[in-house]
Each structure stands twice: as C-alpha cells, then as structure tokens.
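Engineer: My request is simple: use the sequences and hints to build the entire structure.
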Amino acid sequence: MHTGAEILVKALERENVEMVFSYPGGANLEILDYLKKSSIKTVLVRHEQGAAHEASGYARITGKPGVCLVTSGPGATNLVTGIAAASMDSIPLIAITGQVATSMVGTDAFQEVDVTGITDPITKHNYLIKDVNAVAQTVKEAFYVASAGRPGPVVLDFPRDVAKASSKIKEVASIDLRGYKPNLKGHTGQIKQVIRLLAEAKRPLILAGGGILGSESWDELRQLAESQQTPVANTLMGLSSISLDHPLALGLAGVHGLPAANLAIQRADLLVGLGTRFSDRLSCDVEGFAPNAKIIHIDVDPAEIGKNLRVDIPLVGDLKIVLNQILEKLEPVQHQEWLAEIAQLKAVKAPACRAEGLSPITVMESLAKVLPAQAIVTTDVGQHQLWAAQRLSHRRPRGFISSGGLGAMGYGIPAAIGAQMACPKDLVVAVTGDGSFQMGLPELGTAKEQKLPIKILLLNNSYLGMVKQLQDFYCGQRYAAVQFTDNPDFGCLMKAYGGSHYLVTREEDLSQALADFLADPGMAVLEARVAYEENVLPMVLGGNCLSQMEGIEENL
Amino acid sequence: MKHTFAVLVENSPGVLSKVAGLFSRRGFNIESLVVSETEDSSTSRMTIVVEGDNRVLEQVGKQLNKQVDVIKVNDITNEETVERQLCLIRVSADQSTRQEVLQITEVFRCRVVDIGRKSLIVEATGDEAKMQAIIRSLWPFGIMELVRTGKVAMVRGERNKGK
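Top line first, the protein sequences correspond to chains H and Z.
Every letter in the first sequence is one number past the one before it in our numbering, and letter 70, counting from 1, is 640.
Every letter in the second sequence is one number past the one before it in our numbering, and letter 3, counting from 1, is 22.
Keep in mind that a hint or two might mislead.
Lysine to aspartate or glutamate pairs mimicking EDC-like chemistry, simulated, CA-CA at most 20 Å apart [what the hints assert, rightly or not]:
#1 H:Lys751 - Z:Glu77
#2 H:Lys740 - H:Glu585
#3 H:Lys1018 - H:Asp1090
#4 H:Lys634 - H:Asp996
#5 H:Lys877 - Z:Glu70
#6 Z:Lys81 - H:Asp882
#7 H:Lys710 - Z:Asp94
#8 H:Lys877 - H:Asp855
#9 H:Lys877 - Z:Asp94
#10 H:Lys762 - H:Asp839
#11 Z:Lys91 - H:Asp746
#12 Z:Lys91 - H:Asp871
No lab work stands behind these hints, which were simulated from the structure alone.
Structural biologist: This is the structure in structure tokens:
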C-alpha cells in the first residue's frame, strides 16, 4: 500500500517531471516529503507567484508542462496571477495546491480557500482530488489536458487526508476523455480552400501567433512562407517563430507593431492567421482590421475562430499537422511586386524621439547586436518589453518569453529562472524595467540559491514608463502615480543577492558595459539609466486602425 | 433570438458551477437552466435557454464544447422537440371566484394540488406558450406566488444517444 502523496509523486515521475517549483506549507507536507525521496528536483522559491511564473518559463522553453506545488489558502491564491498568465498565453502548467482535509472543506478552516472555484475561469481544467484511488489516473489526465490541443494550465487541488490515505498503485488506463477530444487533423475540404486562396492571392500575408511555438511548427511556417513568397508578421506571442533576420519576416504587429507589419496587414488581400487569437492588442479597431483581405484562420481551438474577427476560411487543427497537409499540396509561387512594396515598407523604421541622455532604444538596439543567436530572452511588462519585441532578432524558436495576454509585471525574473533551470548552459537575459523588476525581486533569492547566472538588463528611468506613456497620450501629460522619486540602490541590492551590478549612463560606455555584463560568469544586472521621455512608437491609439500609427506618417 | 441547448455533461461535482461561471464571465444571458441526472448515472443533462445573436450563440456552443466536463452540445432550437416546463401557481380563490378558477384549470388541463380557504395551488405543465396563457388567465384573480422550473426538452423520433 502507498500513500496518496507517494502515488502523486510517482505519477509525476512517470510524466518525466524533472523539477517542481515549490513553496511549502501545512497542507503539502506529505507531498514534499516524498518529493525529497524521488528523482524530481524540488526548487524552493521565495513567493508562490514566482513558482507559477518559473514553471511557465520552464514550459515555454522546453515545450513540456511546468509543474509548481504550493500549500493551501494563501499559497494557492498567490499562484493565481501565474495561472492566469499561463491561461492567457496557452502555456502547459500543472499547479498542485495542498488543500485542507476533505472533512474540513467548506468550514472556512485555517488556510482554506475554494481553489477550484477561484481557478475555474483561469484554468483549462481543474480537479479537487477526493479519492486516493483516483490520484494516479487524475494526474495522468491532468498532464494530457494541459498539453493536448491548445495547451493551458491545470490545477490539482490535493487535500491533506488524501495525501495521507493509502491505496494500491494501480495501472493507469490510457486517457480517453469523452468530453475532450481535440481535432488535430485539418478538414481536407477546407485545406483545398486554403490552397485555392493562396494560389489566387496577389498580396498574401501570414500572421504567425503563439500557436506556431506551441505546436513546434516553426519549420513548416518557414517553408510555407518561402514556397509562397509570403511575408510573415508576428503577434507578440508569435515572436521567435521566425527569425527577424529572415528576409520575409516583418516582426511585431499590433498596437506597437512595426510599420511594415501593420501596413502589410492593412494592404494584404489575403491574411493567413496561424495560432493567434486576433486579440485586441493586435487588431486594434476590428472593423478596420485588414480591410482588403480575405481571412484564413487556422487554430486548434475552434472557439477562437470567429470569436474576435469575421473569418472567411476557418480551419481547425494542430498547426504542425495542418501545415504539413497544406505543404504537401502547395505549388511554389512568386509575388515580386508585393515583396517590392514590402521592402519599401520595411525601410520605414519605428521612430524614436531620442530624448536627451541615454535612450532605452539605443540600449535595446545595442543588445540586439551582441546577443548570441541561441540566447533566451525573457521580459517583464511595459515599454522595455515592447522595445525588446520590436528590436531583438528572435532567432531561437521559443527564445522570447514574455507575458502577452495577461501582461503580468513581475513575470520576467521568475520566467528567466525557469528557463535557466531548464537550459543551464544557455545564456538567459531578462529584460526588465525598474517597475517590473521590483515586482519580481523575491525570486532573486531563488536565483542566488540555485546559482543561476541569469543576466538582467534593467532599463531604469524611475518611471512606470508605459503608464506614463498612456498619460502622455490620454491624460494631457498629467502624470499620476507613475514616478518613482526615490528608487532603491540596485547596486546594493545586487550585492545583497551576490550578483554583479554594472551601471551605464552614457551611450559611449554602452558597448563595453554590455560586453562585461554578458561575459559575467554569475548573476548580473546591467542597469541602464535611461531617459524617461522616450515612448514606444509607433502606437495605435484607442479606436484607430493599424494604419493610423502615432509617429508614422499615414498614407505612406 | 432565444436558443435551446441540450448539453450532456459529466455528472461530477463542480460541473454546474463551471458551466454557470462560463455564462456569467463571457456575458451570455441564461434565460433558464435545468440540470438533472440522465438514464446513465455518470452523466447529467442540462437544458439551457440562451438569448443572443448568432455570433453569441456560436460562441456559447464552442465555449461549452471546450469544457472538459462537457461531453456533447446540441443546439436543438430548430429541431422538432417535445418541451415541457412545470409551474406551481398559488392563486387567490375565495367562495365567489373558486368555481371560475377551477374551470380555467380544467380548460388548461392543470391539476389543483392544494386547496386553502382563500387560495388554490395549481400545477401546470406544458410548453412556454401554454405557461404564458395560464398565467395570463389566472392573473385577474390574483397570483399570490409562482414558481417555475426551466424548460426541459427532447428531440422527437428515433435518436442515437448523445455520446
């Protein structure tokens, strides 16, 4: 006979879990006890939100579900932001929460919260495991649900008495969920339509989203683009699905999209959306989005098709499979005129106001020049995130890790930790700002303890720059609650965490500082004191469509 | 327009709150929702009446289908169905009006299930139109209390089980 906790840990081993990002408490004692005896590494974090983001960073670079384990009550509620972020970005995550004993559930016991109730809207599925005999099967099911079809977070709420109860370890049956059978293969009739539209198009454009990364179909994406001589724009989540060094790559589209990407969308006569939600950050004014284009939407989640945007050809399926189905039947074509027009659009650079002092854009462009192709970049949320999205080359598939849909500040540092744990030999750079950095600080303790050589590029302008920018545009430059008038000494802070601190305030010192920073053997921060006046441009203001970009002349 | 969805779900705890939560957070309007176990104790059937335009209704179906606990979703609005709801009406009826109220209940083939000194409880079953008609007819006498189940529905004729 084995206890529920032991069965749980053995089930995790069977799923080839390498590590669990974890914080202990009264309700997960038994699980941690068995984890210690297992082949799985327990990574002790400093705050549960960090555990969820770390598991997410791990999942995003490996493609395997990330696992975090916390206690009941506050342990579980502290996970919520991380679970929501994973849900918005379709990241496979297994969050295990300890729970009070089943006999106490519903009594407002100490450290009891209704975890399944709280996480219903932000999970793909969740389970309250009440029967020790169901543990092994439920874990297997959870991993399946988290990864199959459109990935997402799954919560396993694990009461303490179930962890202590005993059962025989049973053979787990293969997964057959009558309520969840994602359609992976594309409908052949629809595929014919796609091929017909591609053949007819004069100005085709691919919009590649995070689904390309989730389905590992970046090679197929490149083949499709090359065979059809079709430019590729990216959503924020789709960045790194094609390197921006590729001649057909246009980079980020959307509110802060690059001029070429946004204008190509507006001028295209065929838009092929691959694994994207057509979110509001991308489409801006939906009515005015891609006004001349027929729209093909391929996604594994049928509910995304037609949700935000009218679609001409819906096609449900896993992109890896569907793109191969399409590629089999596709004839190569040329679009010289269209590509010549695209080349002109690509010459339109994203503008910068180039304020006095060190420009954050210069810093990002300098980083782009020296960053190795295999480097992994994580970001927090704000101006720095978008400059990184716009200016870096994104050469490693999955190598750009950022909180897209939820836009959760405090994501970058723990995500870097998760990615570095997964890829110990690779260079991991967290790009952050002074606002976001201070939301992710606790996890520096985790990085220190795990001896992780993460590199943190801190763009410090003593402002919450993105909100300041919004106040520039929407509040007549009346700044409210956006200035940090007395930021901490980040050098002292790094000293406390045993890392190096490099400071740069002048452009002429930048390349040396960057070189020293990237060559540092341990954890290091490069603090760039940058001009707060710089805004992320272009910017599509609320209600405008993609061709109306602040900072860019209309009617180019 | 109103649509009726017949939704087969796992008979597991939390499934009702998952479905109800889905409707509220996506801003879908539930007109009525009935849930009970089916002939197979591992499944429950929800009959949900929703109001919305085609786009909303398409999303309702897709979002329901996406739930792991939801086994099958059928929009049975345009199918030939038998639909019923049950209504209990406490209607005021003293000596002077009792006969008239009883006549009305007879016309509608309702049953009187309780008689007080000044009121009756009438049990009515039928489709939405019949319910409306009964309520309209009893209204002038004074409806003191009214409870209704939502609508349950079944497609007519032979049919494979929704699996």
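Engineer: So if I understand the rule, the pair passes when the alpha-carbon distance is 20 Å or less; does Lys877 of chain H with Asp94 of chain Z pass?
Structural biologist: Within the cut-off at roughly 18 Å; holds.
Engineer: Lys1018 of chain H and Asp1090 of chain H: Cα distance at most 20 Å?
Structural biologist: 15 Å, holds
Engineer: Keeping to a limit of 20 Å between CA atoms, is the pair of Lys877 of chain H and Glu70 of chain Z held or broken?
Structural biologist: 17 Å, holds
Engineer: Just to be careful, I want the Cα atoms of Lys91 of chain Z and Asp871 of chain H compared with a cutoff of 20 Å; is the pair within it?
Structural biologist: 16 Å, holds
Engineer: Lys634 of chain H and Asp996 of chain H were given as a pair; does the straight-line alpha-carbon distance stay at or below 20 Å?
Structural biologist: Distance ~18 Å between Lys634 of chain H and Asp996 of chain H Cα, so the pair holds.
Engineer: So if I understand the rule, the pair passes when the alpha-carbon distance is 20 Å or less; does Lys877 of chain H with Asp855 of chain H pass?
Structural biologist: 15 Å, holds
Engineer: Going straight from one Cα to the other, do Lys751 of chain H and Glu77 of chain Z come out at no more than 20 Å?
Structural biologist: Status holds; Cα separation ~19 Å.
Engineer: Holds or violated: Lys762 of chain H with Asp839 of chain H, Cα cutoff 20 Å?
Structural biologist: 18 Å, holds
Engineer: Check whether the Cα positions of Lys740 of chain H and Glu585 of chain H lie no farther apart than 20 Å.
Structural biologist: Satisfied, since the Cα-Cα distance of roughly 15 Å is no more than 20 Å.
Engineer: Please verify whether Lys710 of chain H and Asp94 of chain Z have alpha carbons no more than 20 Å apart.
Structural biologist: Roughly 32 Å separates the two Cα atoms, so the pair is violated.
Engineer: Is Lys81 of chain Z close enough to Asp882 of chain H, meaning Cα to Cα at most 20 Å?
Structural biologist: 18 Å, holds
Engineer: Quick one, are Lys91 of chain Z and Asp746 of chain H close enough, alpha carbons at most 20 Å?
Structural biologist: The hint holds at about 15 Å.
The structure does not agree with numbered hint 7 stated previously, though it agrees with all others.
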